[in-house]
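Going down the list, the protein sequences come from chains Z and H.
For the first sequence, this note's numbering assigns the number 38 to the initial residue and increments by one for each residue that follows.
For the second sequence, this note's numbering assigns the number 4 to the initial residue and increments by one for each residue that follows.
Treat the hints as calculated values from the structure; they're not laboratory data.
We put the beta carbon where it would ideally sit given N, CA and C, even for glycine.
A portion of the hints provided could be inaccurate.
Stated by the list, open to error - Derived Cβ-Cβ restraints for the label pairs, each shown as a range: (1) H/Glu207 x Z/Arg540: 41 to 47 Å; (2) Z/Asp347 x H/Asp443: 36 to 42 Å; (3) Z/Asp608 x H/Val70: 34 to 40 Å.
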Amino acid sequence: MTRFTHPHATPTSDGQLDLDLLVVGGGHAGIEAALAGARLGARVGLLTLDLERVGEMSCNPAIGGLGKGQIVREIDALGGAMGRVADATGIQFRILNTGKGAAVQAPRCQSDRHRYRQDATALVRAQPGLELIAGGAQSLLLSRAEDGRDWVVGVRTEAGQEIRAGATILTTGTFMGAVMHTGERTEAGGRVGERSVDGLTQSLTSLGLTLGRLKTGTPPRLDGTTLNPERMEEQLGDATPQPFSFTAPEGIFPPLPQVPCHITYTTDATHRIIADNIHRAPMYAGRIKGVGPRYCPSVEDKIMRFPDRDRHQIFVEPEGLDTNVAYINGVSTSLPAEVQEAFVRTIPGLEEARFERFGYAVEYDFIQPSQLSHTLAVRDVPGLFLAGQVNGTSGYEEAAGQGLWAGTNAALWLQGREPFVLGRHEAYLGVMVDDLILTNPSEPYRMFSSRAEYRLLLRSDNADRRLTPRAARIGLVETERGQRVEAKAERVRQTLALLDRERRGGHTLAEILRRPETTLDSLVSAHPVLAGLDPDLIRTVEVEVKYSGYLQRQEDNVRRAARQENLAIPDDLDYSRLSGLGGEARERLSQIRPATLGAAGRIEGVRPPDVALLGVHVERHRRQRLPAEK
Amino acid sequence: MVGTAAERTRSTICAVASAPGAGERAVVRASGPLAFEAVRGLCRDADGQPLAPQGRGLHEVQVDDGVGTQPALLVWMPGPGSYTREDVAEWHLVGNPALVRAVLRRLGELGLEPAGPGEFTRRAFENGRLDLTRAEGVLALVEARNSEELRAAGSLLAGGLGGRIAALREVLEHLRALTEASLDFDQQDTGHVPLKEISAALDEARADLLEARTWERRRTPASGLARVVLAGLPNAGKSALFNRLTLEGDEHRAIESDQAGTTRDAKVGRLALPGGQEVLLVDTAGIDPLAEGVDAMAQDRRDLEWERADLLLELVESSGNQAASDNPASGPGIPRLIVMSKADLALSPHDPGGRLRVSSHTGSGLTALLAQIEIRLGLATQDDTPSRSNSGLERQLSERHRKALDQGLQELAQAQALLGEGAGLDLVAEALRGAGLALDRITGQTTPEDLLDRIFSRFCLGK
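Model the full structure from these sequences, guided by the hints.
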């Protein structure tokens with residue numbers, strides 16, 4: 038096993054550090070961070086406020102979706118837990134966007150909220166080298182190193198305990214400086230019934246980090262037995278459900294019984310009640326300072342911003358098999374309880390609804406992610422990594438992906454190994470991390486496939502071939518699984534070669550398959566030479582053939598950008614001394630200090646001539662440092 | 004051909020390396036991994052075979068411009084012994100703008116890209132050809148070229164293309180927002196857009212882009228020659244001067260008449276300058292702000308000629324009582340030279356303001372006029388005047404613009420075809436992104452965030 042070194046952490050009295058890696062927070066980011074660290078051989082502690090809420094789905098009981106389903110597949114391909122837990126606890130599976138092209142199709146499922154938490158907790162407990170610790174973090178433990186910088190060497194808990202670790206990953210979600218709003222009522226806390234963590238904010242501020250404030254919200258939960266399904270449209274899952282995980286065991290999928298969702302709509306009466314009470318919504322009364330997401334607006338936002346729409350769609354989603362609670366997706370709100378009751382009862386099917394819990398908005402601190410490096414380490418504070426909603430993102434999938442990324446990189450850093458950073462052309466995770474670092478989010482960051490310029494290469498069907506062999510190389514997944522995926526990739530290559538070679542009536546099979554009306558299934562039945570392809574292979578080969586010209590073009594673009602992408606900018610480059618840079622470019626570059634010329638070019642306000650100039654300066658800088666050469 | 008994998012993935016660039024306008028010879032330079040292929044694709048040896056140069060040297064070749072062959076000199080400098088340390092080819096051609104254009108077009112077909120400002124020099128530096136002290140010079144050059152290009156691009160865009168591109172971008176980005184919203188939100192969600200709506204927006208975008216390209220083609224000269232455009236009030240003597248100056252035997256002689264307003268359409272002729280260079284001389288309709296009907300069309304044509312002028316030759320009658328500054332021809336940004344015409348009819352032999360006086364009738368002052376034109380266009384060899392024309396750079400830029408517009412059109416046609424045959428919307432979106440990137444090459448960039456802004460301002464999204 039690779040040795041872990043902690044050059045700046047002070048050992049405790051018995052001469053031992055408590056841990057290699059301490060993860061603060063037991064949400065989706067924290068779980069993946071802790072599991073990844075442990076898989077790489079680190080002794081990991083997972084500190085969480087409530088041992089019963091590890092893997093809690095704070096918002097909607099669903100995993101995946103457009104842009105997000107691809108992330109879950111990537112997490113799975115890298116050995117993460119989310120896909121497996123979702124498969125085991127899903128109660129309705131659908132592939133979205135089936136009519137719109139392979140690159141944008143994505144899996145999504147409704148989850149049994151309670152079972153998801155149970156399964157996630159069980160995985161964490163079963164992981165060797167990973168220890169669950171109950172408690173809240175009060176402050177960061179610092180150690181002044183020889184270079185004059187403060188290194189983070191663990192945390193002090195609210196109970197006064199010091200937990201020392203070589204690296205600390207904060208995955209505190211919405212719990213830092215959290216305030217919940219329901220109408221005029223305001224209370225501290227990151228989730229109903231749970232409290233806020235307030236000490237950490239001060240710790241981070243005193244390290245010189247810039248924090249911001251964001252807002253998100255949830256809809257009411259209703260008693261499902263009081264709803265009338267006759268008045269709503271039924272929505273079923275796919276007839277042949279497909280799992281998230283590439284390692285899903287055959288034959289027994291899905292393991293849980295499947296249930297329907299229901300669709301209904303707001304009415305004129307709903308809109309009138311909300312408009313009449315809009316002054317009581319915290320956002321409109323000016324009590325909330327944080328910025329909410331545009332893609333998941335509250336129902337009051339929908340009605341105020343789109344007054345010409347006569348109705349808005351609502352999904353009634355069951356929260357599990359053993360509960361009657363229904364999640365009312367589409368009416369996130371922070372209006373007062375009595376207004377929520379009034380407007381919900383104007384919605385067909387919900388007329389008799391009994392409330393289990395009212396909707397609320399939550400405001401929380403996040404850390405401007407431009408202060409991170411591409412490993413999700415805080416740039417100027419060695420030993421500290423950040424992942425998940427604390428970086429200004431939204432969504433379980435985005436959080437889990439960052440957790441896995443940060444856990445992996447923290448462990449590699451402690452081992453003195455190369456960072457594991459995926460590029461924008463390699464993974465949605467790479468797009469997300471790059472976006473976070475180069476653009477400070479003005480709203481909670483959610484993945485969209487339109488953010489990925491190499492979207493055609495980043496499909497959910499090829500996530501394993503893209504990532505699993507790489508994960509195996511660093512020890513994040515078992516060698517054997519890596520080999521299995523390499524073998525699959527080889528079968529894909531051979532099948533592609535076969536299709537290029539075999540001719541029928543003057544055309545290769547690949548050419549025939551490229552015609553829009555042909556499917557690989559129809560070819561397989563017509564040509565015995567193709568017999569015996571498994572369905573998984575057929576899906577992926579078909580995409581590779583039909584998209585071949587476009588895939589080639591994107592790959593060419595990747596290659597063309599590679600030079601600029603790989604040209605490293607020295608970390609200590611003084612932008613104020615570079616003549617010729619535009620004013621805005623200079624300011625943004627000084628603030629973000631991009632690691633490569635490629636990253637510099639993606640920063641808003643940095644124009645192509647700025648990048649060209651920077652390229653020349655970087656080259657000059659590099660040469661000045663080399664010994665004189667003839 | 005040698006080169007590491009990294010070098011091979013670099014683009015190959017080409018550009019005219021000689022001064023703008025028609026000289027006795029023109030030099031086209033190419034640098035990069037495809038230079039060798041470009042030589043093979045373009046040059047024939049004495050036996051009519053594709054030329055495969057064996058090492059550094061000079062070759063007498065025939066250049067195949069796609070229509071016929073022309074004699075040329077090829078200088079072949081394989082990397083790393085060349086200026087850029089890449090493979091470099093230089094074609095020394097007869098100074099015929101049409102031939103130069105054909106060669107550039109051919110190189111484009113072979114996969115070469117137009118060089119950006121200072122790009123040869125930058126490559127030379129990046130590839131270690133220049134030392135540190137010279138690197139400072141490169142920086143100054145790149146900076147200067149950037150601001151020069153910005154200025155030139157600015158003046159081009161102010162000429163009407165900018166407005167068209169802005170309108171076009173609006174249409175295209177609306178289309179992209181529709182498509183991306185449809186991809187990023189499920190059929191069940193409100194972001195989903197019916198294909199019919201996307202298809203209609205696509206038709207509109209393509210029609211607009213086609214219009215912009217047609218406009219840009221008409222606006223920019225078919226020739227690489229600098230344009231000197233005659234301007235002035237009706238009957239200021241423009242046509243007389245045009246006929247006096249243009250070469251014998253030119254087809255486009257202006258109709259000379261002393262009835263004011265005779266010249267309705269623009270006439271174009273060649274003008275030989277003392278240094279041996281040629282420029283185009285353009286005669287336009289006289290300025291008449293009250294023009295209507297056919298005359299108004301002539302006025303439009305005239306405005307177009309002014310926009311593409313490298314130099315306005317503004318004629319004012321020596322005998323007249325109109326001051327040059329009253330002349331509405333004085334558009335901003337276009338270099339102009341005021342000339343007092345009909346010197347033979349003037350009351351006094353010299354212009355009191357010391358301005359140039361010419362007579363098309365007697366020929367007096369014409370030699371001085373030609374020398375002035377040469378200096379103002381920056382074509383004179385002893386050129387040290389600061390008001391040098393930007394015409395060469397502008398011409399290169401407008402060539403780039405046209406290429407970008409062509410590519411945008413190609414991408415949109417592809418998107419239409421894909422939509423028509425029922426291919427995945429993700430592929431349609433890819434073609435649309437290509438069209439957006441083509442426009443980016445003319446004006447700034449569109450970020451994914453811009454696109455999301457559009458999506459969210461139009462759709463009420465989110466479960």
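*asked:* Let me make sure I understand: some of the numbered hints might not hold for this structure. Which ones are they, in numerical order?
replied: Per hint list: single violation, 3.
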